[in-house]
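Q: Sequence:
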Amino acid sequence: MFQPREIVYGFVKGINPPHHKYIVTIYQDEELSIVACFTTSQGRAGVPEDKIHHGAIYREKECISYVFDKDHCIGLNPETGVEFSFPKRTVITFDYGVREGQKEYFLRQFENPEVVCELYETEYIELVYAMYRSPHTRETHKRVLYRILDAYYTKSE
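Numbered per my numbering, the sequence shown spans residues 1 to 157.
Hints are not guaranteed to be accurate.
Dumping the calculated DSBU-like pairs for lysine-lysine here, alpha-carbon to alpha-carbon at most 30 Å [said to hold, decoys possible]:
id : residue 1 : residue 2
1  : K155      : K61
2  : K70       : K13
3  : K142      : K103
4  : K142      : K21
5  : K88       : K21
If you are wondering where the hints come from, they were derived from the structure by calculation, not from laboratory data.
With the hints as constraints, model all of the structure from the sequences given.
A: The structure is reproduced here in C-alpha cells:
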C-alpha cells in the first residue's frame, strides 16, 4: 500500500473534518518515505468551467492542477482487474493537499484504507509531469519528480 501509481481510498482521520477521501501516491523510496496527493471533488481546477478538461490544467502558461474527469478510466483495480474512474470530477491541486512522510504516517491517517486503483503508466507520467511543471510544487518534490521522469524516458529509449 502507498506504492507509486496507487490510489488509496478510506476514512481520513487526520483532516478537518474527518471524512472519506482519495489519495494518489506519487513516490516511495527505499526507506518508505512517501509523497502523495489528496484529491478533491470541489471546484478547485483553477480555471473557468469551460476550460476544464481531463489532464493538466494551465492558466497563463502555468500548470496549476490536474483533473480526472468523471467516468474517465485512469487505471485498474488491482484486486479485481476492473477499470477504475472517479465517480465525480476530481482534482489534484499542487498548492494544496500534497503530503510527505513515512508509510506509518500515512497508515495512521486512514481507517480501513483500500487500494482502489493502480494508475495506467501514461496517466501517472502525465500527472508527474504536470506536477513537475507547476510553479506551486515544492523544489524538494521537483527533484523526486525529475528522477521519476528521467527513469521513465530513459527506459523508453
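Q: For every hint, state whether the structure bears it out.
A: Verification of the supplied hints:
1. Taking the CA atoms of K155 and K61, the gap is near 29 Å; set against the 30 Å cutoff, the hint holds.
2. For the proposed pair K70 and K13, the alpha carbon gap of about 25 Å is at most 30 Å, so the pair holds.
3. Of the supplied pair hints, the one linking K142 and K103 holds, its CA atoms being roughly 20 Å apart against a limit of 30 Å.
4. Our distance criterion of 30 Å between C-alpha atoms is met by K142 and K21, whose separation comes to about 25 Å.
5. For the suggested pair K88 and K21, the alpha carbons sit about 12 Å apart, so the restraint of at most 30 Å is met.
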